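> Sequence lines, in order, name chains A and B. For the first sequence, the numbering used here begins at 21 and goes up steadily by one. For the second sequence, the numbering used here begins at 11 and goes up steadily by one.
If you are wondering where the hints come from, they were derived from the structure by calculation, not from laboratory data. Misleading hints may appear alongside valid ones.
Chain B is nowhere near these chain A residues, computed Cβ spacing over 10 Å in every case [to be verified]:
#, residue
1, V47
2, M74
3, R82
4, H91
5, E113
6, R121
7, G123
8, G197
Just the calculated beta-carbon pair ranges, DEER-fashion [unchecked claim]:
#, chain 1, residue 1, chain 2, residue 2, range
9, A, G61, B, G145, 22 to 30 Å
10, A, K150, B, G145, 31 to 39 Å
11, B, G145, A, A50, 32 to 40 Å
12, A, A50, B, G220, 16 to 24 Å
13, B, P348, A, Q152, 23 to 31 Å
14, B, G220, A, G61, 35 to 43 Å
15, B, A279, A, K150, 54 to 62 Å
16, A, E23, B, L150, 27 to 35 Å
17, A, D205, B, L150, 23 to 31 Å
18, A, N45, B, L344, 49 to 57 Å
19, A, T90, B, G145, 15 to 23 Å
20, A, D129, B, H149, 38 to 46 Å
21, A, D205, B, K355, 36 to 44 Å
Lysine to aspartate or glutamate pairs mimicking EDC-like chemistry, simulated, CA-CA at most 16 Å apart [what the hints assert, rightly or not]:
#, chain 1, residue 1, chain 2, residue 2
22, B, K223, A, D129
23, A, K176, A, D30
24, B, K269, B, E349
25, B, K185, B, E174
26, A, K176, A, E23
27, B, K355, A, E113
Every value quoted in this text rests on a predicted model; they were computed, and no experiment measured them. All C-beta atoms in this analysis are idealised placements derived from N, C-alpha and C, irrespective of residue type, glycine included.
Below are the chains, spelled out letter by letter.
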Amino acid sequence: MSEPVLEVSDLGASYGAIQVLRNINFVVNAGEVVVILGANGAGKTTTLRSVCAMVATSGSVRLFGEEVRTHDTADIVRRGVAHVPQGRGTFPELSVLDNLRLGAYVRKDKEIASDIDQWTTVFPRLGERKDQAAGSLSGGEQQMLAVARAMMSRPKLLLLDEPSLGLAPLIIEDLFGRFAALNKDTGTTMLVVEQNAEIALDIADRGYVLEAGQIVLEGTSNELHSNDAVRAAYLGA
Amino acid sequence: MTRFAPHISERDLDMASRPKWLNGSTVLYAAMAVVLLILLGPIFRGGSQLFLQRVFDSLNNGAVYAVTAISLVLIFKATTLINFAQGNIAMFGAYVCYQLSVKMGWPVWPSIFVAMIVMAIVGAAIERTLIRPFGPADHLPVVLITFGLASILLALAGAIWGLEFLAFPSPFPAKPGDRFTIGGAFFRYETVGTLLVLAVMLVVLFAILGRTKMGLAFRAVSSNVESARLVGVHTGRTLQFGWALAAALSVLGACLVAKQTNLEPSFMAKLTIFAFAAAVLGGLDSIGGSVIGAFIVAVVQSLVTGYGQQVAGFGWLKSNFALVVAFALILVVLLFKPEGLYGTKRIERV
């Protein structure tokens with residue numbers, strides 16, 4: 021098998037004196053959708069931020085076989101990682117169009133305009149509102165903008181931080197349907213952290229369960245879905 | 011909840027219980043209307059020619075306040091900080107221009123241009139060495155540094171060029187007869203020139219911010235630093251660009267006004283306070299707003315100092331009260347409409 025897209029080993033992360041992650045190990049292979057499940061405060065967001073070098077970490081983060089743990093965020097983005105942060109992370113004062121242009125900030129090719137056309141076709145609401153300030157969009161629209169902006173960088177690895185948060189169930193279903201389609205159509209590798217295990221396991225190939233800063237369980241989506249502990253903790257069964 | 015929601019303070023709730031028309035803007039406009047109303051008597055007694063003259067005289071100030079206010083706004087947008095050294099960066103640049111033009115005999119405009127570039131480089135160096143080592147959220151040390159920087163530049167200018175007033179060359183025709191007449195009032199060519207420079211500067215600035223990649227990055231950092239990093243923007247370099255741009259613009263403002271005030275190490279001090287008032291009034295994060303604020307401040311300043319003494323009981327209101335007017339304005343805005351006329355209401359993630 022070829023080199024994994026992302027290989028995290030012995031990862032630790034801390035905010036000041038507070039150790040948030042301990043001894044985290046996981047792998048994301050090319051073309052996969054991998055989910056990390058965890059409750060509030062388990063360290064999901066920190067795990068994603070560690071991949072992008074946005075927190076102080078120890079251990080190893082290998083991207084396409086290369087150690088990038090100590091690189092800076094802008095460099096990791098240039099290596100093909102797009103991160104959709106929790107709370108969408110759009111630029112609220114900037115127009116939808118400028119948000120999309122910023123998604124392509126690291127690109128130097130001439131196809132940026134045609135990519136904008138493409139993503140505003142995939143998400144017609146964004147096309148209709150392209151000159152509006154991103155902050156005036158609804159929560160669901162902002163999440164779509166955040167995803168479209170991330171895709172504008174033509175990422176090899178897409179990191180999604182709790183995309184379902186604060187959205188209505190129907191919108192969540194639509195959104196995850198789009199993630200699955202995106203993965204299938206573009207082959208983009210995805211790492212999703214979620215609390216909503218039901219919908220996340222639906223689109224994921226494999227998953228990990230994070231508890232109190234440590235990985236306590238891993239398996240295929242089917243295995244996790246039928247695991248009693250996961251069912252009790254995340255699926256309300 | 012992670013959606014963007016307007017930050018609601020107790021004061022907003024208090025405001026909500028009042029009638030709808032009684033909001034920050036109305037209070038602000040009402041305050042300005044009251045000031046004008048008080049001045050109405052002397053304005054009528056003085057006649058339209060004098061009134062026009064006072065307004066024309068204020069336009070030059072307005073344009074210079076605007077340029078200086080924009081340089082404050084640029085830094086504020088990017089860092090939510092007031093750069094207290096901005097006025098003295100501008101002052102130092104004016105001395106560089108003086109050195110080139112008066113001492114070395116260069117023509118005025120190339121001198122101004124080179125002074126802008128020199129101070130842009132200085133601004134970029136200041137950002138890299140004194141500002142960047144501190145985290146963007148670490149406001150107190152950076153504010154203290156800008157204060158210290160202001161004193162250093164002041165002392166340095168005094169040491170190099172002395173403390174006496176120096177005559178500064180005018181970038182525009184400024185002989186006594188260089189003016190035309192509108193409604194009996196004089197409109198000086200200098201004022202026309204200053205307004206034109208402001209207009210050109212705004213066009214260039216909006217083109218840089220709106221149409222270049224660096225401008226896009228600057229607006230991204232201003233809007234959301236974390237997300238800017240996540241799309242690959244080098245935030246440090248972008249802020250450095252902001253410092254350089256702000257320094258260059260403020261030098262331009264200082265060079266436009268130095269002919270009228272003469273050059274002296276603290277010649278930008280008062281002017282920077284008026285520019286600050288203009289920026290607060292217009293909205294500290296709004297470039298267009300701060301230009302409008304600058305002209306409002308300049309006109310109000312000119313009318314209050316020009317007519318104020320003639321209002322019964324206000325004989326003590328000499329022109330040195332102009333600064334008090336500026337501070338009163340800042341206070342009223344901060345109390346009743348903290349985001350200013352055209353600024354964005356503060357948005358917080360809750």
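> The structure should be examined with respect to each hint, and the outcome stated for every one.
Results of checking the hints against the structure:
The Cβ of A:V47 lies farther than 10 Å from every Cβ of chain B, with a closest approach of about 23 Å, so its non-interface assignment holds. At roughly 7 Å, the least C-beta separation between A:M74 and chain B is not larger than 10 Å, which violates its mark as non-interface. Chain B leaves A:R82 outside its interface by the beta-carbon criterion, the shortest separation being 20 Å against a cut-off of 10 Å. Every beta carbon of chain B lies more than 10 Å from that of A:H91, the smallest distance being close to 12 Å; the non-interface claim holds.
Not every Cβ of chain B is farther than 10 Å from the Cβ of A:E113; the closest lies at roughly 5 Å, contradicting the non-interface assignment. Not every beta carbon of chain B lies more than 10 Å from that of A:R121, the smallest distance being close to 6 Å; the non-interface claim is violated. The beta carbon of A:G123 sits about 6 Å from the closest Cβ of chain B, which is not more than 10 Å, so the claim that it is off the interface is violated. Non-interface call for A:G197 relative to chain B: holds, since the shortest CB-CB distance, roughly 22 Å, exceeds 10 Å.
Checked against the hint of 22 to 30 Å, the pair A:G61 and B:G145 passes, with Cβ atoms roughly 24 Å apart. Checked against the given bound of 31 to 39 Å, the beta carbons of A:K150 and B:G145, roughly 34 Å apart, stay inside it. For B:G145 and A:A50, the Cβ-Cβ distance of about 37 Å falls inside the hinted range of 32 to 40 Å, so the restraint holds. Here the CB-CB span from A:A50 to B:G220 is close to 39 Å, at odds with the stated 16 to 24 Å.
B:P348 and A:Q152 have their C-beta atoms about 25 Å apart, which keeps the hinted 23 to 31 Å range intact. Take B:G220 and A:G61: their Cβ atoms lie about 42 Å apart, and the range 35 to 43 Å holds. For the pair B:A279 and A:K150, the beta carbons lie near 45 Å from each other, so the given range of 54 to 62 Å is not met. Taking 27 to 35 Å as the suggested C-beta distance range, the pair A:E23 and B:L150 does not conform, at roughly 47 Å.
The hinted window of 23 to 31 Å between A:D205 and B:L150 is violated, with their beta carbons roughly 50 Å apart. For the pair A:N45 and B:L344, the supplied restraint of 49 to 57 Å holds, since their beta-carbon distance comes to about 53 Å. Checked against the hint of 15 to 23 Å, the pair A:T90 and B:G145 passes, with Cβ atoms roughly 19 Å apart. A hinted range of 38 to 46 Å holds for the C-beta pair A:D129 and B:H149, which are about 39 Å apart.
Separated by about 40 Å at the C-beta atoms, A:D205 and B:K355 satisfy the suggested range of 36 to 44 Å. Taken as a hint, the B:K223 and A:D129 pair is honoured in the structure, with Cα atoms around 14 Å apart against an allowance of 16 Å. Between the alpha carbons of A:K176 and A:D30 the distance comes to roughly 23 Å, so the proposed pair goes past 16 Å and is violated. With a CA separation close to 34 Å, the supplied pair B:K269 and B:E349 exceeds the 16 Å bound.
At roughly 24 Å between alpha-carbon atoms, B:K185 and B:E174 are farther apart than 16 Å, so this suggested pair is violated. For a cut-off of 16 Å, the pair hint linking A:K176 to A:E23 stands: about 13 Å separates their Cα positions. For the given pair, B:K355 sits about 11 Å from A:E113 by alpha-carbon distance, which is consistent with the 16 Å threshold.
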